[in-house]
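**Student:** Reassemble the complex: the two chains are provided individually, in unrelated frames, and hints are given to aid placement.
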Amino acid sequence: MFSWNERGCRKYQVRMEDHLGAGPEAVESDVELTVHLRGCTRCREAFAAAQLSGRLFSAEEPEVQPSEAFVTRVMASIREEQARLLTPATVWSPLETLASRFALVAAVALLALSVFVGEFSPALRQADVGSTTEVTSEWPEPPAQPATQDEVLMSLAEAENGI
Amino acid sequence: MEGKRLDGSRLEPKVTDADYERRLVRQAQSGDTAAYEELVRIHQPRLLAVVGGILRRNQDVEDVAQQVLVKAYVSLKRFDLRSAFGTWLYKIAVNECWDYFRKKKVRRLVYEADLSEEQLRQIEVVPAHTGGASRSREDAASRAQQRQLLDRLLDELDETDRSMLVMKEVTGFTVEEIGKVFGLNVNTVKVRLFRARGRLVEAYHRRLERRPSSHSRNS
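For the record, the sequence lines run as chains A and B. Residue 74 in my numbering sits at position 74 of the first sequence; the count goes up by one each step and never skips. With positions in the second sequence counted from 1, the corresponding number in my numbering is that position plus 163.
The following block holds chain B by itself, in its conformation from the complex (with noise of 0.2 Å):
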C-alpha cells in the first residue's frame, strides 16, 4: 500500500539496480558525464514530477529541474553514498523548490470564490478512484477545476507538509523513501502525512463555510 497514491495508481520510477546506479554515481564523481547522463536519465521523471507537484504546473518546473541536476553535478564530489543517489536528489530538489518560491514570492494568494460550492461539494461524492480512459470532456474540466483548488489548498499548507503530501498522493514516493528525504523516521512520516491531510481537509472546510451562499441558506 505504502509509495501508491490513494487512488491506487503509482508512478514508477525507472527500475534501476541500486549497485548500477553507485557504480553510475562513482564513475560521474571522477568526471565521467556520460554516466551522470544516465542518471540524469533514470531519475528525471519522477524529478520533473516532484518540482511539478510543489512548484504546481509553473512553467519554471523544467528549469528548476535543470538548476537541480546541475547543482546536484557541482557538488556531486560531496556526496558520500550513505544514502541513494535519488534521495539526496529530491532532498536538494525539494530545497531547490522552495528556494524558488522565496526567491520569486510566487506562492498565490488564497481567493475566495473561483469554484461554486455546488463543485466543491462534488468532490466529496467523487469516488477516490476514477481513472481511466473513459473521462469523458466534461471531466477534464472538472478535474482542471479540482485541480485548482488543490493548488489554492495546498497553498494554506507549510512547506514540509505541502512536500510530503505532493510527494506520496502525486509522485508516489513511499513513506519510506519521505522520511530519508526529510532525515524523519516512517512514524513521524506517518503521522505528519496524516496530520497534513487533516489541515488540508480543515481549509477545504472553511472554504465551504466562506461561502456567501452558505451563510444565507445557514441564516
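Extracted from the complex, chain A is given alone in its bound form (with noise of 0.2 Å):
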C-alpha cells in the first residue's frame, strides 16, 4: 500500500481531487498531472483509490427531512431556553450554590474546631486540673475510724438510739 504523508507529490493531489468524478478526459486534458501519473506509480494507485471511495459513497442519499415540526420543536426548546435563563431562580441559583457550600464549611470548621478545643487545648486542661484541687478542698474531713471494739460498740449504739 501507499503512504500516505509523503509531501513530494502534494500539488499533483490537489490536481486530482479537482479531477475526481470528471471523467478520463478531463483528467487528459491536464497535460502535466497526465505525464505525472504516467512517472507516478503512488499516485496512480492513489487516484485509483480516490475514485473507488466515490463509489463507496454512491449508495449515500442525505437523509434530509426538513419539516416545519422540526422548526416549531427547535424554537419551543429556545423559549425554555430563554425562560430558563431569566427565571429568578436561574439569576439565585449561583447564591444558593454558595450559601449550601459555606454551610458545609461552616459546619466542618466548627466540628474541627469543637474537637480541637475538647481535646487540645492547654487551657482548658489546666483549668480542669484546678478546679478538680478547689472541689476536694471543699469537701469535709471523713470522721475517724473506730480504733477498738467498744469504740466500734459504742458507734452502733450511738446510730440505734438516733444520735
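Rather than coming from a laboratory, the hints here were simulated on the basis of the structure. Cβ atoms here follow ideal geometry from the backbone N, Cα and C, with glycine treated the same way. A few of these clues could be false.
Which bits of chain B does chain A cover? Going by a derived footprint, with three or more residues having C-beta under 8 Å, they are [stated by the list, open to error]:
1. 188 to 201
2. 224 to 232
3. 306 to 319
4. 353 to 362
Under the rule of at most 35 Å between Cα atoms (straight-line distance), these lysine-lysine pairs were calculated in the DSBU-like manner [stated by the list, open to error]:
5. B:Lys254 x A:Lys11
6. B:Lys234 x B:Lys254
7. A:Lys11 x B:Lys343
8. B:Lys267 x B:Lys254
9. B:Lys267 x B:Lys240
**Tutor:** Dropping the structure here:
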C-alpha cells in the first residue's frame, strides 16, 4: 500500500482531487498531471483509490427530512431556554450554591474547632486540673474510723439511739 | 465540479441572499425570534444532512441538530458576522456531533464479516452514478448494505477526515465551505480529502484481505 504522508506529490494530490468524478477526458486535458501519473506509481494507485472512494459513497443519500415540526420544536426549546435563563431561580441559583457550600464549610470548621478545643486546648486542661483541686478542698474531712472493738459497739449504739 | 458529490448530485442549500441572511442575523441578535426562526428554516436541510452524515442515521440526529440550533441562538450575540452564519453554524454542528460521540461513546466497533466478499467486491464494479427512479428493491437492499459498510469504514477514520468526507460527499459542501468550517485553506482541504479517500479505500481493502475465503483461496 502507499504512504499518505509523503509531501512530494502534494500538488498533484490537489489536482487529482479537482479531477475526481470528472471523467478521463478531464484528466487527459491536464497534460502535466497525465505525464506525472504515467511516471508515478504511487499517485496512479492513489488516484484509482480515490475514484473507488466515490463508489463507496454512491449509495449515500442525504437523509434530510426538513419539516415544519422540526422548526417548531427548535423554537419551542429556544423559548424554554430563554425562560430558564430569565427566571429568578436561575439568577439566585449561584447564590444558593454558594450558601450551601458556605454552610458545609462552616459545619466542618465548627466540628474541627470543637474537637480541637475538646482534645488539645492546654488552657482548658489546666482549668480542669485546678477545679478538681478546689472541689477536693471543699469536702469535709471524713470522720475518724473507730480504733477498738468498744468504740465500734459504742458507735452502733449511738446509731440505734438516733444520736 | 466543487460542491458536487462524486456521483454528480448535490444537496442544494436553500438559495438565500447573503445580505438578507446578515439582516436576519442582526435582527435575531437583537432578540427577534421570528428572524431566527427564518434562519432555522433556511439552514435546517443542510444542518440535518451534516449531522445525519456524521452520526450515520443515528436516531438522535434531530436532537443533536436541535441542540446545535439552541446553542447557536444562545451564543448568537457573540457571533461577529465576519463569516457566514452557515459556516459558524456548521462549525458548531461538527463539534456537537463529536461531543455527542465522546459523551455517549457510541462509535461502533469494527466488525469483521457482515458483508460477503461478493458484496464487497460488487462495490468496485458499481458505476459511480447510479441514481434514478429505476432502482429495484434488490438495489435498495444492496444500497443499505453498502451504506452499512461505509459506516464501518468511516469509523476507521479520524474525526476531521470523516467529517470532511461526509460534508463533501454526502452533503455537497464545496472545498471552500469546508475550509471555512475547519479553518483550513482550500489546497489543504483538497489534500486532506484526497488522503482521507485513500485511507477509506485502504480500510476497505483490509476488510477484503481479512476475509477467511480470500485467505483460503490464496493459500
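**Student:** Could you run down the list of hints and mark each one as holding or not?
**Tutor:** Here's how the hints hold up against the structure:
With 3 residues having a Cβ less than 8 Å from any Cβ of chain A, the region 188 to 201 of chain B passes the three-residue criterion, so the hint holds. Only when three residues or more bring their CB closer than 8 Å to a CB of chain A does the claim for the region 224 to 232 of chain B stand; here the count is 5, and the claim holds. With a cut-off of 8 Å between beta carbons, the region 306 to 319 of chain B has 7 residues touching chain A; three or more are needed, and the interface restraint holds. Coverage of the region 353 to 362 of chain B by chain A holds [criterion: at least 3 residues with CB-CB distance below 8 Å; count 8].
Restraint check for lysine 254 of chain B and lysine 11 of chain A: the C-alpha separation of about 27 Å stays at or below 35 Å, so the hint holds. For the proposed pair lysine 234 of chain B and lysine 254 of chain B, the alpha carbon gap of about 12 Å is at most 35 Å, so the pair holds. The straight-line distance between the Cα atoms of lysine 11 of chain A and lysine 343 of chain B is roughly 21 Å, inside the 35 Å bound, and the hint therefore holds. Note on lysine 267 of chain B and lysine 254 of chain B: the hinted pairing holds, with a Cα-Cα distance of about 20 Å set against a maximum of 35 Å.
Taking the CA atoms of lysine 267 of chain B and lysine 240 of chain B, the gap is near 30 Å; set against the 35 Å cutoff, the hint holds.
Against the hints set out earlier in the document, no violation occurs for any number.
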